[in-house]
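Go ahead and model the full structure; you've got the sequences and the hints to work with.
At position 331 of the sequence shown the residue is numbered 331 (full-length UniProt numbering), and the sequence of numbers has no breaks.
Listed below are the simulated BS3-like cross-link pairs for lysine-lysine, each with C-alpha atoms no more than 27 Å apart in a straight line:
1) K394 to K215
2) K246 to K348
3) K271 to K337
4) K246 to K394
5) K215 to K271
6) K394 to K337
7) K271 to K246
8) K337 to K246
9) K337 to K348
10) K348 to K394
11) K271 to K394
So the derived label-pair ranges between C-beta atoms look like this:
12) D192 to N256: 19 to 27 Å
13) D163 to S323: 31 to 39 Å
14) G346 to L169: 35 to 43 Å
15) S323 to N256: 33 to 41 Å
16) Q197 to T228: 14 to 22 Å
17) D163 to G190: 26 to 34 Å
18) E395 to I175: 26 to 34 Å
19) R244 to S174: 15 to 23 Å
20) D163 to R244: 38 to 46 Å
21) N259 to W155: 17 to 25 Å
Please keep in mind that the hints were generated in silico from the structure rather than gathered at the bench.
Note that CB positions come from ideal geometry on N, CA and C, so glycine has one too.
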Amino acid sequence: MGLFRSLKGKVDVGTDDPPKPTQIGSSHDGWSVRDEKRRMFGGGGGGGGSGDSFQHSQSSSSHAPTPQHDQYNAPPGPPPCHRMANDQYVPPEGPPPSHGRRLTQTEFQPPPGPPPTQASNPPPYHDWTVIPDTSLLPPPPAITEEFSPTNNASWDSAARALDWCEQNLVFTPSIPSSRIHVDSQAGRTGFDPPPAQLWRGSSVRQLSPVSYRVKTSKSQQDAILLSTLPIYFAAADNPLQTQREKTIYFEIRVINIANENSGIAIGFSAKPYPPWRLPGWHRASLGIHGDDGRRFVNDSGGGRDFVTAFRPGETLGVGMTFSTDELRASGPEGRVKTRVFFTRGGAKNQADGWEIDEERDADLDPIEGLMGEGDLYAAVGVFGGLEFEVNLGKETWLWTPQG
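Encoded structure:
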């Protein structure tokens, strides 16, 4: 048995097809184990009953042995994993499968149509002739400076003046009598020097009912001279009540300016005013300063560029016009339009002026008291060695008022 199984295993291993079962009635039906031994080993001997019995039992339950001379042919073609060096294959039609997928967020398609050209995207054109002549537009507002290029008062002086103004409020408008109002309009207002402690070595001398000569020492500190009477009475001259335009004005004639540390300032102010300060530095006041030519409206800093410096021999004037052009424009109480103007040698240049309510920093430069609602006085500021005349009456002016 052991030998038979070994032979049978040798026959089965390495074949492509399994052995076929024995067919009934084939030529091997009578083939016994004894005969198989004789055929393979050349042994003789006859069989016995036991051998026939073994042959019968094996033939009905197992495969017939495969003769040694059987051959098996391999299938045509190379093995599946083998490829000849000269094999040629034609790629399938169309793009690879990945080219047919939908575009993701990181992939973009070009816009439809051809790319743009210079001819299809001309530069924009603007017809500059439609812009109006800028010479007709008003000039931009002047820039407020922090310091003057010539002379500057101390910050301590300014701080003391601010405290003084808080303790001494502006006078409410007064109601003048007819005679006082007439004198004011004619320039017979009087002219008061500062307190004596600020006026050592200086003097004011009246030349006529409307003219005064002022002379100061070289050591004169900052000080202000004010007319005795207002030259503008809010209760009598306000255009909201009179329905008429009102202009106030005065001139100075400069005789001498001692040096670069001396100067004159002309303008208007309410009362009371710090006597050691120049006009335009504090509330309800404005001034044009002759040392640097700058203008000031409630400005304790460096002012704004305006005109050239004052020189000896010149006649200079300052005025304000309270207009009725915008009456009732701001509500039932109305509003007055106020413009400041400046003259040199009696000539009034339209460019040498400004609107009181021009663009400005409302928190730093309030204009209360200058829009026709309060009384105003002629104001002249001085420092250093000076000599000049003040003319308050129109008969002494070089400038001729219109109307």
